[in-house]
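For this one, chain V is given, so just place chain Z on it according to the hints.
Protein chains: 2
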Amino acid sequence: MRVVLDAMGGDNAPHVPVMGAVQAVREFGISVILTGDEELLKKELEKFSYPSEKIEIVPASDAVPMDEQPSKALKRKGSSIHVGLELVKRKEADAFVSAGNTGAVMAISLFTVGRLKGVDRPAISAVLPNLRSQTFLLDVGANVDCKPFHLLQFAVMGEAYARYVLGEKNPRVGLLNIGEEEGKGNELTKEAYALFKAAREKGLNFVGNAEGRDIYSGNFDVIVCDGFVGNVALKLSESLAGILAKILREEIERHFISRLGAVTLKPAIRTFKKRIDYAEWGGAPLLGVRAPVIISHGSSNAKAIKNAIKVAAQFAKSHLNEHIEENIQKYGKLNGC
Amino acid sequence: MRVVLDAMGGDNAPHVPVMGAVQAVREFGISVILTGDEELLKKELEKFSYPSEKIEIVPASDAVPMDEQPSKALKRKGSSIHVGLELVKRKEADAFVSAGNTGAVMAISLFTVGRLKGVDRPAISAVLPNLRSQTFLLDVGANVDCKPFHLLQFAVMGEAYARYVLGEKNPRVGLLNIGEEEGKGNELTKEAYALFKAAREKGLNFVGNAEGRDIYSGNFDVIVCDGFVGNVALKLSESLAGILAKILREEIERHFISRLGAVTLKPAIRTFKKRIDYAEWGGAPLLGVRAPVIISHGSSNAKAIKNAIKVAAQFAKSHLNEHIEENIQKYGKLNGC
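Keeping their order, the protein sequence lines are chains V and Z. My numbering puts the first residue of the first sequence at 4, with every later residue one more than the last. My numbering puts the first residue of the second sequence at 4, with every later residue one more than the last.
With the rest of the complex left out, here is chain V (with noise of 0.2 Å):
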C-alpha cells in the first residue's frame, strides 16, 4: 500500500505533513511518496528517524496556494498535487491526500483520474463525531446548485463510504431537511425524497428526512444535502464546539478556580477537545473520483496527516469505488441523462 501525500498542503507544509508521514510510517508501516519542492522535503526529513526505504520524494516544482482559484490552479502542471495525482492515476500509488486547497484538489482529481461511471458529480464529506459513533455528511461544498438526483447520488456514495470504510454494517442514510415527514422542504428535498424512496425499493437502507438536529443525534449513519447547506452546517459546527468550550471554561474557572486554587481543568478540557476535534478523523473524503483522495482541513496538524494517510490506505483496500459503480448501477438509471 503506498499513498502519495501532497507534502505543500496545508497551513503549515511542508513541516507538518512530512510530521505526519513519518507518524504514518513508524505507526502503521504504510508507504508513503512525498510529492513537492526536493530540498525543502529533504531538509524536513532530516529531522526525523524512520524507516528510510517506506518514505520516497517525487519532486514537484509548483505547488497551489490555499486560496487560489481552482481554474487558475489547474494550469500548474508541475503542482504537487497533480504530480501526486498523477502518480495515482498511472497506479504508481493507491492513494492521495493533501491538507491543501479543496477545490484545486477536486478540480486536479476531475482533470486526472476523472469520475466515476454514473457519477455527475464528485461530493466533499465530512466525518463529525456523534454521541454514539460518527454522522458522515456529503456535500459539504462541492456542489452548491444540485438536482435531485446529484443528492441520491450522494447517498449512494455516502452509504457506501460508510459500509466499507467507516465499517457500519446497514448505513442508515437520512435526507436534510426542515422537517421529519415526507412533504416537508424545498423543491428540491421534495423532490430528492421521491427519488430516495424509490431507491429504498431497491434496498438503500433510507429512513427518511434528518433535521439539523439529527446531525449529532446519532440517528442517522449518512446526511445527505447540497453543498451550501452542507458547507454552513460544517462551519458552524467546527465555531460552536470552540466558541461553547470556551464559555464553559470561563464559567467553570469563575466558579471554581478561585476557589481551588490550584486544581487544573486541564485534562477534561484535553479529553473534551479530543471528542469533538474534527483532525481526530484525519481527513474526510472526496467521492466520486476514480482514485481514493482524502482531504485534510488546512490546518491539520501532524496526527490529524497520519490519521488521513492511515484513512486514505483504508479507502484503497476497500476497493469502495468498485462498490460505489455498482451500486450506481443497481439503484437505477441515477444521473440525469
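Note that these hints are calculated values from the structure, not bench results. All figures in this text were calculated on a predicted structure; none of them were measured in a lab. Worth double-checking, as some hints may not be accurate.
To give a feel for the contact side, a few chain Z residues facing chain V, derived at Cβ under 10 Å [as the list claims (entries may be wrong)]:
(1) MET4
(2) PRO54
(3) ILE58
(4) GLU184
(5) GLU241
(6) GLY245
Positions of the beta carbon are idealized from the N, C-alpha and C atoms, including for glycine.
Showing chain Z alone in chain V's frame:
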C-alpha cells in the same frame, strides 16, 4: 401597553403561559390579555396572586394543535391564535405572543392583520447569543425557496429589528454564504449579493458575506439566509449546544468529581446554560406582518413566556413596522413585481 398571549400555545399550555403572564405582570407591569378556554384559564389564574386588573381573559373556543397543517389551522376561526390576532387587528391590543404552532401563527397573521407594504414574504427569525451580544438570524423556516429580493427584504427587516428593538446603533448586516469573497455562493446568494451591494449604496450597512462560523462569531449583528438553511442552522445549534454541554460535563465529572467528592458543578453548568439558553431571549419576532408578533419555542418555560411578553411590548413601542415600511421604500424597488 397591552399584550395578547395565546394561552393555549406551547407544549405545556395553559399552565406555563399563564404562569409566564403572571410573572410579566408582576415584574414589568405590562397588561396581558389571555386567549383560550375561559374555564381552564380561570382555574390556572386562581393559583397565583397578581394585580387582577392587569390580566384579562378573552375566551377562545378552539385551539390549534402543535403539529397541524397551517391550511387546516386557518379554518379554526375560534382558535386562541385567531381570537388573539383579531384583538390586535382591532387595536384592542398592541402585540401578540404565542408559543404555539409556528406555521399556524404565520398563516393566521397573514389572514388577519396582513403583510406590511412592500414586503412579499414575512420571515421567522431567531435571536442567538454570540461572544459579544447577539446575532439576529432570518429567515429560519418560513420561506424555504427564496428569490434574491426576498433575502434583501429580510435584510431590511432584520436591520430595523436589530436597530429599533435590540438597540444596536448601526447593525452590521451579512449575507450567509460559503465564502467571504464576492462571487462565492450558489445562484441565490450570488444574485442577492448584487442587490445587497446596491442597497449599501443607499445606506444599508451591508458588510459582506458571512460564513457558518459567523453565526456565533459576533462579527455580524444580522445574518440573512433562506428559510431552509436558517432552519438547519438553528436546529443544529440547539442540539449541538446540548450535546457539547453533556460531553464536557461527562469529561469534567470523570476527571474531577472522583477526586473532589462533594464539590458540585451545578453553579458553573447553570450559568453556562443561561448564556446559551435561547429561552432567555423569550422568543423571536415574525417580521413583515402588520402587527408586533412574537413566536416562542413550543418548549418555553414561564420565564421564556415572560421575556417574550416583554419583547412584544418593546416591539410595539418601537414603531418598528413603520420603520420597516420606510426602509423598504428607501432601499428601492425591492419586491419582485
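| Hint by hint, which ones does this structure get wrong, listed from lowest number up? | 1, 2, 3
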